[in-house]
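My numbering numbers the first residue of the sequence shown as 132 and each following residue consecutively.
Hints are supplied without guarantee of correctness; some may be wrong.
[Stated by the list, open to error] Per label pair, the in silico range of CB-to-CB distance:
1) GLN648 with ILE267: 54 to 64 Å
2) GLN410 with ILE340: 38 to 48 Å
3) ARG339 with ILE484: 24 to 34 Å
4) SER381 with THR180: 16 to 26 Å
5) ARG543 with PHE408: 19 to 29 Å
6) LYS272 with ARG411: 32 to 42 Å
7) VAL166 with LEU338: 41 to 51 Å
[Said to hold, decoys possible] SDA-like cross-link-like pairs, simulated, lysine to any residue; straight-line CA separation at most 25 Å:
8) LYS272 with TYR282
9) LYS272 with ALA287
10) LYS289 with GLN314
11) LYS289 with LEU346
12) LYS289 with PRO274
13) LYS289 with ILE315
Hints were generated in silico from the structure; no laboratory data involved. Keep in mind that this is a model prediction, so the values were computed, not measured. Where is the CB? At the ideal position from N, CA and C, for every residue including glycine.
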Amino acid sequence: MDVPSYSHQPHSFAGKRSDAVVTGASAGLVALAVVLAAPVVVSCLEAFTVAVPDIAGQEGAGFVNPRVFSGFVSSLPTLVLIAFLSALLATPASRLLAAKPGLILVALLPMLVLPSYLAYAALDQLREPGSWLGNIVLHAKAPAWSDDPGYWPVFASKVQAVFGLALWSWPIACALQTFARMQIGQSVFDALAMERLRRVDRSLLRLRIELPGFLLSAAAVLLVILGSAVPLHLANVPTQTQQIWLALQSGGSVQAWRSSIALLTVTLAAAIVVVVFVQRSTSSTWDLRAMSRYFKRPWERHVFLLMIALLAVVSAVPVFSMVYRYIRATHHFDHVVPNAMNDLARPALTSFIIGLVSAGVVVLIFVLCAVVSLRAESRLRVIVLGALTLLVWTSCVPGVLVGAGVGQQWGRFAAAMGYPGWMDQAQIVLAHIGRFGAVGALAGWIGGLRTSREERESLMLDSAGLSVRWVPLWLGSRIGSVIVVFLVVLTLSFHEIESAVMLTAPGLSSYPSQMLQLLHVFKWETLSVGVLLATLGSIVLVLVGICLVRARPIRRRL
């Protein structure tokens with residue numbers, strides 16, 4: 132009996148024609164990218180079409196305000212030092228995470244639970260008047276090369292800002308160094324082990340292999356710190372972003388937008404580099420065991436894990452020390468906590484709801500990017516890569532510019548609608564999505580591209596080729612990534628201060644803006660209670676996320 136033969140061509144996720152779901156996902160992603168980037172682009176273009184008087188008062192003669200650039204050159208060495216120190220702190224942790232990527236939430240814990248605006252303020256107690264370090268700094272004589280009697284307090288403030296922001300930003304460098312190390316194949320380390328080299332020469336060669344990832348992480352931290360205005364403002368370290376922020380608040384928005392064109396160009400170039408790097412790196416095979424050469428003995432892995440834990444503790448200790456000190460010094464502790472809860476309950480609830488909505492939309496961006504990267508055809512993929520670049524660029528733009536652009540453009544829409552009550556919260560949500568949309572976009576794009584061919588074909592067979600079926604199946608296998616993206620964006624949105632200073636309405640008080648106000652008026656008791664509650668809440672959320680991610684393989688085995 133002849134057995135009939137069937138010509139079976141396995142379904143491919145990159146077929147010649149995308150189905151309606153993929154087309155809709157691409158259109159939605161492009162629309163979201165345009166909506167998020169439009170406020171910044173339109174505000175910048177409008178600034179070049181308006182004639183404004185320059186500093187001398189001559190109409191139309193001025194192009195930019197030179198005072199906006201005054202702090203850029205002087206603060207650049209400080210910013211570079213922060214980036215280098217952050218990348219150096221991240222090196223031991225990234226070696227462990229390259230072999231154990233599931234520990235990424237542990238590495239991100241300091242940045243998630245420690246707000247950037249407290250990175251400096253928490254260390255300020257070390258040199259306050261009356262302490263031994265504060266007395267040394269206050270009474271020290273000025274060096275021979277300076278006639279300023281306040282030279283050493285200013286210098287101590289800069290050192291404090293460097294270490295505080297380095298301890299806050301090292302998880303960013305850690306994540307990028309981990310991503311770069313995972314591109315190094317096991318064959319590279321095998322060949323290095325076979326070479327007859329001295330121990331010092333082998334270590335130097337290994338450092339040379341890792342140098343691109345180190346420089347990439349330092350550049351990313353430099354970009355983040357360059358676009359951060361509030362923490363360095365508290366430390367009295369002038370930056371270009373800080374000068375732009377002050378110009379926006381003083382009414383010079385046109386010259387501020389004009390002066391930001393160089394910074395916007397740099398961030399656009401950085402976004403293009405990030406997208407190209409991600410697209411090229413995902414074309415190679417990741418070897419999660421490539422870092423096994425770092426751990427020749429079992430105890431070495433535990434040492435690296437201990438170093439990560441110590442960094443996390445060192446990052447959080449100043450905050451908890453500040454909390455303990457001011458609460459202990461309070462004689463009426465039973466009155467301070469209820470009063471602080473009454474003052475901060477509504478702002479905290481508002482920020483938490485805004486964070487939930489923002490995280491939900493970013494997860495949607497994650498899904499859209501994953502769907503497009505899995506099945507989009509080549510022409511459609513090019514268009515979506517442009518949208519991905521826009522999303523990354525909007526996240527790289529300084530938060531004060533994102534907030535100012537959203538407030539300026541969507542404020543007109545709110546005025547046309549009669550200023551509805553929900554518009555203030557909607558603007559903050561839109562700014563937060565723009566600030567952190569790249570987290571979901573890059574995670575979804577990488578997750579889709581890293582899906583193996585065997586898994587794609589298995590999903591197609593299980594779903595009969597229907598996108599309505601294989602999308603939930605794929606998301607079910609990536610539930611850990613969804614949880615991580617949601618929690619990261621939720622905590623970052625809760626502590627977001629850069630855009631909040633430009634968008635918070637007089638009748639709407641967000642948690643970060645309330646905390647910043649407490650810092651300015653030195654209400655340390657209320658501030659300490661707020662920091663304690665927010666930090667403990669963030670830690671609980673992160674621990675729940677870690678438990679959910681760790682429990683996923685157990686359920687799969689069952």
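Please list, smallest to largest, the hint numbers that this structure does not respect. 1, 2, 3, 5, 6, 10, 13
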